Amino acid sequence: MKSKPSKSLTVALHAMDGRSRKTMMMFLQTTCKGIAQVVSEQEADIDMIDIDLMGAQASLEHCLSRVPLRPIIVLSLQPTDIENTIFMQKPAKVENMIAAFQAARLVLAQQKKVAKIKSHHDNMATKAQSLLKPDLRADTAVAVSDNGLKVALYGMDEQTYRALTNFLHNKLQDVVQIVTEHEAEVDILDADLMGAKTSLEHCLARKPARPIIIISQEKLNIEGTIYVNSPVKVDGMLAALQKAVPSKFNSDNQKTSAIDVESETESKLVTAPSHSDFVFGLKKPLPVESVTSTAVGNLRKQEQSNIEKSFTRQTEPALDKKPKPSTKNVAKHKIVQKQIADTLVAAEAKKESLHEVTELAAETKVYVQSVEQKKVAKHQAAMQINEQGFSGFIGLVEGVDFNDPKQWVSANYNPKHYYQGYVQSTVKIAYEKTIAVKLSSAWKPLIFLPRSHEILLDADDKQLRAFAGVNVASMPISTTKIMSIAPVNIAHESIATDLEKFQDLNTFLWKLACWTSKGRYIAALDLKHPVYLKQWPNFTRLVITPHAMRIAALLMTEPRTIPDIVQVLKIKPQYVFIFVSAAYTIGILEQINSQDKIDEMAKPVKPVKKKAQKKGLLKRILNKLRG
Amino acid sequence: MSQYKIIFTGPVGAGKTTAISSISDVPLINTDAVASDMTKQRKEGTTVAMDYGIMNLNDGEKIHLYGTPGQERFDFMWDILTTGGIGLILLLDNSRADPFLDMKFFLNSFDGFIAKTGVAIGVTQMDVSANPSIEEYHQNLQSLGLKIPVFSVDAREKNDVSILVQALMFSLDPGLDEE
Chain A
0 MKSKPSKSLT VALHAMDGRS RKTMMMFLQT TCKGIAQVVS EQEADIDMID
50 IDLMGAQASL EHCLSRVPLR PIIVLSLQPT DIENTIFMQK PAKVENMIAA
100 FQAARLVLAQ QKKVAKIKSH HDNMATKAQS LLKPDLRADT AVAVSDNGLK
150 VALYGMDEQT YRALTNFLHN KLQDVVQIVT EHEAEVDILD ADLMGAKTSL
200 EHCLARKPAR PIIIISQEKL NIEGTIYVNS PVKVDGMLAA LQKAVPSKFN
250 SDNQKTSAID VESETESKLV TAPSHSDFVF GLKKPLPVES VTSTAVGNLR
300 KQEQSNIEKS FTRQTEPALD KKPKPSTKNV AKHKIVQKQI ADTLVAAEAK
350 KESLHEVTEL AAETKVYVQS VEQKKVAKHQ AAMQINEQGF SGFIGLVEGV
400 DFNDPKQWVS ANYNPKHYYQ GYVQSTVKIA YEKTIAVKLS SAWKPLIFLP
450 RSHEILLDAD DKQLRAFAGV NVASMPISTT KIMSIAPVNI AHESIATDLE
500 KFQDLNTFLW KLACWTSKGR YIAALDLKHP VYLKQWPNFT RLVITPHAMR
550 IAALLMTEPR TIPDIVQVLK IKPQYVFIFV SAAYTIGILE QINSQDKIDE
600 MAKPVKPVKK KAQKKGLLKR ILNKLRG
Chain B
0 MSQYKIIFTG PVGAGKTTAI SSISDVPLIN TDAVASDMTK QRKEGTTVAM
50 DYGIMNLNDG EKIHLYGTPG QERFDFMWDI LTTGGIGLIL LLDNSRADPF
100 LDMKFFLNSF DGFIAKTGVA IGVTQMDVSA NPSIEEYHQN LQSLGLKIPV
150 FSVDAREKND VSILVQALMF SLDPGLDEE
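Protein chains in written order, with numbering that gives the first Met the number 0: chain A, 0 to 626; chain B, 0 to 178.
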């Protein structure tokens, strides 16, 4: 026999933007088809919240204060233990989502069972009470209408909700009826319970507005609300209801029900509730009062002070004595509070951190005009040079036949003989002393700013390329002597304020090395020893010489000697020489000189076997990207 | 014809949509697009929840460019999206409070896919927030035992996105030829 298919769960999504909502809906319509569907908050069986989001806190509080409480699925990266919720770890997997829905289904089934029993008990109690006190309703209830005022209850845990429901059913049966939020004419909420602030804000924001009755042990002055003292008395609630919707009470009823708020206040202040009266909440008689203060914030303060008290209500309510706090519940509640507080603290810390970083970034360019600060010169740095354009862009070295491997030994250069060496010395000094340093020469002055790792040079690339290739060491003494490195006070320098003149250090050094190299390798590198890359070069901000990416990819997998790279990739040696020179200059390429390290690093690498089809595809993508 | 995909992922605001737009040969289809007339006949709003672009190759082959939704809660979609993917482009917003945490989260979430294919990381918003630096990203990755291309990227710049995807291709196959 086939089992009856279970009805699809209805889910309300909270604190999600449009895109997130659509995605979740798509997920539920496809992967979870038939298991759950997204509906409005009013229609939903369960709530779903991603508690990692800032806005989720209010949503969570709102959902937790819902009466009756319905299953809440919370999504989070970190394991959390929030009472009355079903946790689902992110990244969310389909099977986890289904398991969460099954857990929600179980909760709903349990709630249904409890409600059925409760309903039966309520009916029995009503019958018994009416038999014992046939005149009670006539004394207390005011016949408002056949249906009664429609009220919705908020900010209450299950026990509190049940107690107030019993009270209204028994004492004000003909005056009010408890309905859903959607149908209600009046909202009633308990301000002493956790989440009351959220519920109140929710009610106050309702359009069109409707009367709000707030119940509290302490006198509250909140604009737009009607205050009822806790423990709630029949007269007090009646007075509040009449104030909320006067039109529902006829003149006769007003006379008989004594809805004079002020006079009632005085009379009830000293009245101790009798055991026969149904009292809701703790016994601390206070007047019924309508109020005018705008101090909504007071509610939060009170909310905090009442945390312990509110959670005592989760135990079976004692009608005529103050219930003892449940240590377990208080502890759990404190965990929830701590989680919320931690979230807020973390958010603040993030804000502060971001602020500090932004400030620091701004500080480094205080000498640049504000408009200029927004410019980004870096995009001009990245350029891909193909084989055809290589010689034209890089320049040629005469006297070396790169096609002859025997001549490779002499195809090197010493940066110290070139402008590159002086720039590197400048950078080294600036970093050591953490001060801005100026390199003066027969050419343009160069300033290096160690904090922002930037070079300031008032020259274009064409001029730099020309000067980079000049062997300074071979020039007359007078020219080399004029090279000087000295600390510089930026404030006193009449330097250009054009941000285009500022260049990232690595971007600058990389291209300076390329133009100095002209296809040779740095003399410090030994052709016999393998080299390796510590990290990928930041290619989007560098001159990309021919095959640079291939060389980088190869050297990221394992160390290789320079001739080996030439051989493996079957490319011109100049392309390898220039790459290793530039990478070495910015410090991301190193050479292994000890045999031990060579053995250690030269771990056998499994050749990556790509299918010919895939290899062809990657190549076609590459060609497409390179135009 | 085979369906090849390149997946773009990263936190909200990292520039996934912009990056795909930069290299797509067709106007981007994204989640905010209104439903087409045909779709409207069935329901009011479309539920497409990812960015989608196409790169047309010379031989008529199409490379599908998919951008995952940024919110972490939608990572259940990632398994579906990555099926048949060539590789992953991870974009990180450097102005976020903890970009390393984002990086670890996405690398961890896509670890299976990355192990089978490859990943390249583009760091956006570096002009807004220079820290952490690219070097610090590499240090962080090395502590995780990873050697991944990490580039500064302006997602609006086609060249930046192109270089990032090229690096992904080369990291997938270092022996790849250039023409």
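To be clear, the hints were calculated from the coordinates, so they are not data collected in a lab.
Quick caveat: nothing in here was measured; it's all calculated off a predicted structure.
Beta carbons are placed, not taken as given, at the ideal position from N, Cα and C, and that holds for glycine.
Among the hints, erroneous ones may be present.
Pairwise CB distance ranges, derived in the manner of DEER restraints [as the list claims (entries may be wrong)]:
hint	chain 1	residue 1	chain 2	residue 2	range
1	B	Asn57	A	Ala458	19 to 25 Å
2	A	Pro67	B	Glu134	55 to 61 Å
3	A	Ala114	B	Asp97	43 to 49 Å
4	A	Lys533	B	Asn107	30 to 36 Å
5	B	Asn107	A	Asp80	42 to 48 Å
6	A	Asp400	B	Asp78	53 to 59 Å
7	B	Asp176	A	Met382	17 to 23 Å
8	B	Asp78	A	Asp525	46 to 52 Å
9	B	Asn57	A	Ala485	42 to 48 Å
10	A	Lys111	B	Ile79	30 to 36 Å
Only pairs whose alpha carbons sit at most 16 Å apart, straight line, appear in this in silico EDC-like list of lysine to aspartate or glutamate [unchecked claim]:
hint	chain 1	residue 1	chain 2	residue 2
11	A	Lys242	A	Glu180
12	A	Lys89	B	Asp24
13	A	Lys614	B	Asp172
14	A	Lys149	A	Asp173
15	A	Lys92	B	Asp58
16	A	Lys613	B	Asp172
17	A	Lys92	B	Asp172
18	A	Lys618	B	Asp110
19	A	Lys89	B	Asp172
20	A	Lys623	B	Asp110
21	A	Lys623	B	Asp24
22	A	Lys437	A	Asp457
23	B	Lys146	B	Asp172
24	A	Lys623	B	Glu60
25	A	Lys618	B	Asp172
Here is how each hint holds up against the structure:
Here the CB-CB span from Asn57/B to Ala458/A is close to 41 Å, at odds with the stated 19 to 25 Å. Checked against the given bound of 55 to 61 Å, the beta carbons of Pro67/A and Glu134/B, roughly 56 Å apart, stay inside it. For Ala114/A and Asp97/B, the hinted distance range of 43 to 49 Å is satisfied, since their beta carbons lie about 45 Å from each other. About 24 Å separates the C-beta atoms of Lys533/A and Asn107/B, a value inconsistent with the hinted range of 30 to 36 Å.
A hinted range of 42 to 48 Å is violated for the C-beta pair Asn107/B and Asp80/A, which are about 22 Å apart. At roughly 56 Å, the beta carbons of Asp400/A and Asp78/B sit within the given window of 53 to 59 Å. Checking the proposed 17 to 23 Å range against Asp176/B and Met382/A shows it holds: the Cβ atoms sit about 21 Å from each other. Separated by about 48 Å at the C-beta atoms, Asp78/B and Asp525/A satisfy the suggested range of 46 to 52 Å.
The hint said 42 to 48 Å for the Cβ distance between Asn57/B and Ala485/A, and at roughly 56 Å that hint is violated. Distance hint for Lys111/A and Ile79/B: a CB-CB separation of about 35 Å, consistent with the stated range 30 to 36 Å. A distance of roughly 20 Å separates the Cα atoms of Lys242/A and Glu180/A; the hinted pair therefore is violated under the 16 Å criterion. As the CA atoms of Lys89/A and Asp24/B are separated by approximately 34 Å, the hinted pair breaks the 16 Å bound.
Among the hinted pairs, Lys614/A with Asp172/B is consistent with the structure: their alpha-carbon atoms are about 8 Å apart, no more than 16 Å. Proposed proximity of Lys149/A and Asp173/A is supported: the alpha carbons are some 11 Å apart, at most 16 Å. For the suggested pair Lys92/A and Asp58/B, the alpha carbons sit about 38 Å apart, so the restraint of at most 16 Å is broken. Simply put, Lys613/A and Asp172/B have alpha-carbon atoms about 10 Å apart, close enough for the 16 Å limit, and the pair holds.
Among the hinted pairs, Lys92/A with Asp172/B is inconsistent with the structure: their alpha-carbon atoms are about 31 Å apart, more than 16 Å. Proposed proximity of Lys618/A and Asp110/B is contradicted: the alpha carbons are some 25 Å apart, above 16 Å. Our distance criterion of 16 Å between C-alpha atoms is broken by Lys89/A and Asp172/B, whose separation comes to about 32 Å. For the hint pairing Lys623/A with Asp110/B, the CA-to-CA distance comes to about 28 Å; that exceeds 16 Å, so the pair is violated.
As the CA atoms of Lys623/A and Asp24/B are separated by approximately 11 Å, the hinted pair is consistent with the 16 Å bound. Of the supplied pair hints, the one linking Lys437/A and Asp457/A holds, its CA atoms being roughly 13 Å apart against a limit of 16 Å. A distance of roughly 14 Å separates the Cα atoms of Lys146/B and Asp172/B; the hinted pair therefore holds under the 16 Å criterion. Among the hinted pairs, Lys623/A with Glu60/B is consistent with the structure: their alpha-carbon atoms are about 11 Å apart, no more than 16 Å.
The hinted pair formed by Lys618/A and Asp172/B meets the criterion: a straight-line CA distance of about 10 Å does not exceed 16 Å.
In summary, the numbered hints that this structure violates are 1, 4, 5, 9, 11, 12, 15, 17, 18, 19, 20.
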